[in-house]
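*Asks:* Sequence:
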Amino acid sequence: MAATDGVGTKLKIAIDAGRHDTVGIDLVAMCVNDLVVQGAEPLFFLDYYATAKLAVPVASAVVTGIAKGCRQARCALIGGETAEMPGLYAQGDYDLAGFAVGAAERGHLITGEMVKPGDAVIGIASDGVHSNGFSLVRKIVADQDLGYDRPAPFDPTDSLGAALLQPTRIYVQPCLSLVRSGLAKAFAHITGGGLVENIPRALPAGLGCRLDARSWKLQPVFGWLRQAGGLSERDMARTFNCGLGMITVVAPDNVDRALGLLSDAGETASVVGDVRAAPADHPRVVIDNMADAWAR
Numbered sequence: 005m006a007a008t009d010g011v012g013t014k015l016k017i018a019i020d021a022g023r024h025d026t027v028g029i030d031l032v033a034m035c036v037n038d039l040v041v042q043g044a045e046p047l048f049f050l051d052y053y054a055t056a057k058l059a060v061p062v063a064s065a066v067v068t069g070i071a072k073g074c075r076q077a078r079c080a081l082i083g084g085e086t087a088e089m090p091g092l093y094a095q096g097d098y099d100l101a102g103f104a105v106g107a108a109e110r111g112h113l114i115t116g117e118m119v120k121p122g123d124a125v126i127g128i129a130s131d132g133v134h135s136n137g138f139s140l141v142r143k144i145v146a147d148q149d150l151g152y153d154r155p156a157p158f159d160p161t162d163s164l165g166a167a168l169l170q171p172t173r174i175y176v177q178p179c180l181s182l183v184r185s186g187l188a189k190a191f192a193h194i195t196g197g198g199l200v201e202n203i204p205r206a207l208p209a210g211l212g213c214r215l216d217a218r219s220w221k222l223q224p225v226f227g228w229l230r231q232a233g234g235l236s237e238r239d240m241a242r243t244f245n246c247g248l249g250m251i252t253v254v255a256p257d258n259v260d261r262a263l264g265l266l267s268d269a270g271e272t273a274s275v276v277g278d279v280r281a282a283p284a285d286h287p288r289v290v291i292d293n294m295a296d297a298w299a300r
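Numbering (the numbering used here), first residue to last: 5 to 300.
The set of hints was computed from the structure by calculation and includes no laboratory data.
Do not take every clue at face value.
Claimed, not checked - No farther apart than 25 Å at their CA atoms in a straight line, the calculated lysine to aspartate or glutamate pairs in the DMTMM-like style are these:
hint: 1; residue 1: Lys143; residue 2: Glu237
hint: 2; residue 1: Lys221; residue 2: Asp99
hint: 3; residue 1: Lys120; residue 2: Asp131
hint: 4; residue 1: Lys143; residue 2: Asp99
hint: 5; residue 1: Lys16; residue 2: Glu88
hint: 6; residue 1: Lys72; residue 2: Asp268
To be verified - The following label-pair restraints were derived from C-beta to C-beta distances:
hint: 7; residue 1: Ser139; residue 2: Ala284; range: 39 to 45 Å
hint: 8; residue 1: Pro287; residue 2: Tyr93; range: 23 to 29 Å
hint: 9; residue 1: Gln95; residue 2: Thr115; range: 28 to 34 Å
hint: 10; residue 1: Leu92; residue 2: Lys143; range: 20 to 26 Å
hint: 11; residue 1: Gly83; residue 2: Pro155; range: 52 to 58 Å
hint: 12; residue 1: Leu150; residue 2: Glu88; range: 18 to 24 Å
hint: 13; residue 1: Ala56; residue 2: Arg261; range: 48 to 54 Å
hint: 14; residue 1: Arg238; residue 2: Ala56; range: 35 to 41 Å
hint: 15; residue 1: Lys16; residue 2: Ser267; range: 34 to 40 Å
hint: 16; residue 1: Asp260; residue 2: Gly210; range: 25 to 31 Å
hint: 17; residue 1: Arg238; residue 2: Ser139; range: 16 to 22 Å
None of these values were measured; they are calculated from a predicted model.
Quick reminder that beta carbons are idealized off the backbone N, C-alpha and C, glycines included.
Using the sequences and the hints given, assemble the complete structure.
*Replies:* See the structure below:
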């Protein structure tokens, strides 16, 4: 099986901030995380880099990040393509796309069909905004008249550009440990559409989940985006990962084993909710206590 993806307008922050060494990790992560949710182990990766005129130091930094991402995912970087297209891209701009192929044992694909009411929903922490919602992020930064070289309002120890460019976490190895243990019934990679739109893709028709926002940590970057952008809690939940980059569903009896495996793999994870019936005229993802938990 294969997965193709890009980094989106997060690239504009990398370009404006002059920091190009992390977006390659994002590119790999967006592809391999989409593979592992199906129970597939990534085998190899190819990249596509397009720009008006090749700037070797920039391209080198990007490819270095791609190689780092491939090492984290334990897949091979077997090649790619670089295209110069003056007139299509503005001077200094570039775009990225990636393609990854993975494999799973026959009969061991994760389809979500075994999920049932009462199963536990485990959330695995993100490292920040990851690679989605950056058109909105950039608008908020512009409206606040901030420069990417200035200290981040939510983390004065780092520049705003560096903080926002924190790369997408690669969840391949911890998720594969759950697959190989037979514990995982479903996975959801929380990308565009946030918690509200991604979790239902992992669940059978007629099922949804109820989450408790008090059961995981909303990182400071999200609190700042909510306040500076005047965003509602619902807008946050359908735009950003809100602190959970990956979701997995396990049987209640397997929660402790699953959390132990994730902890051993270096992940921060907790039970964030449970699976419930979701009639057709009801939302499939309900998040309780957002106003209280995310106001802090």
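*Asks:* Each of the hints needs a verdict: does it hold here or not?
*Replies:* Now the hints, each set against the structure:
A hinted pair counts as satisfied when its Cα atoms are at most 25 Å apart, and Lys143 with Glu237 qualifies at roughly 18 Å. The suggested pairing of Lys221 with Asp99 is violated, with an alpha-carbon distance near 32 Å, which exceeds 25 Å. Between Lys120 and Asp131 the alpha-carbon distance is near 29 Å, which puts this suggested pair outside the 25 Å criterion. For the given pair, Lys143 sits about 20 Å from Asp99 by alpha-carbon distance, which is consistent with the 25 Å threshold.
With a C-alpha separation of about 18 Å, the suggested pair Lys16 and Glu88 falls inside the 25 Å cut-off, and the hint holds. Proximity of Lys72 to Asp268 is assessed by CA-CA distance (about 22 Å); at most 25 Å being required, the pair is judged to hold. Evaluation of the 39 to 45 Å hint for Ser139 and Ala284 yields a failure: the beta carbon distance comes to about 31 Å. A hinted range of 23 to 29 Å for the beta carbons of Pro287 and Tyr93 is inconsistent with their spacing of about 40 Å.
Distance hint check: the CB atoms of Gln95 and Thr115 are about 46 Å apart, inconsistent with the given range 28 to 34 Å. Hint check: Leu92 to Lys143, Cβ distance near 24 Å, so the stated range 20 to 26 Å holds. For Gly83 and Pro155, the Cβ-Cβ distance of about 40 Å falls outside the hinted range of 52 to 58 Å, so the restraint is violated. In this structure the hint that Leu150 and Glu88 lie 18 to 24 Å apart at CB is violated, the actual value being about 32 Å.
Range check, Ala56 to Arg261: about 52 Å between beta-carbon atoms, so the 48 to 54 Å window is met. Roughly 39 Å separates the CB atoms of Arg238 and Ala56, a value that falls within the hinted 35 to 41 Å. Distance hint check: the CB atoms of Lys16 and Ser267 are about 36 Å apart, consistent with the given range 34 to 40 Å. A C-beta distance of roughly 28 Å is found between Asp260 and Gly210, which places it inside the suggested range of 25 to 31 Å.
As the Cβ distance of Arg238 to Ser139 is approximately 18 Å, the hint placing it in 16 to 22 Å holds.
Going through the hint list in order, the structure does not satisfy hints 2, 3, 7, 8, 9, 11, 12.
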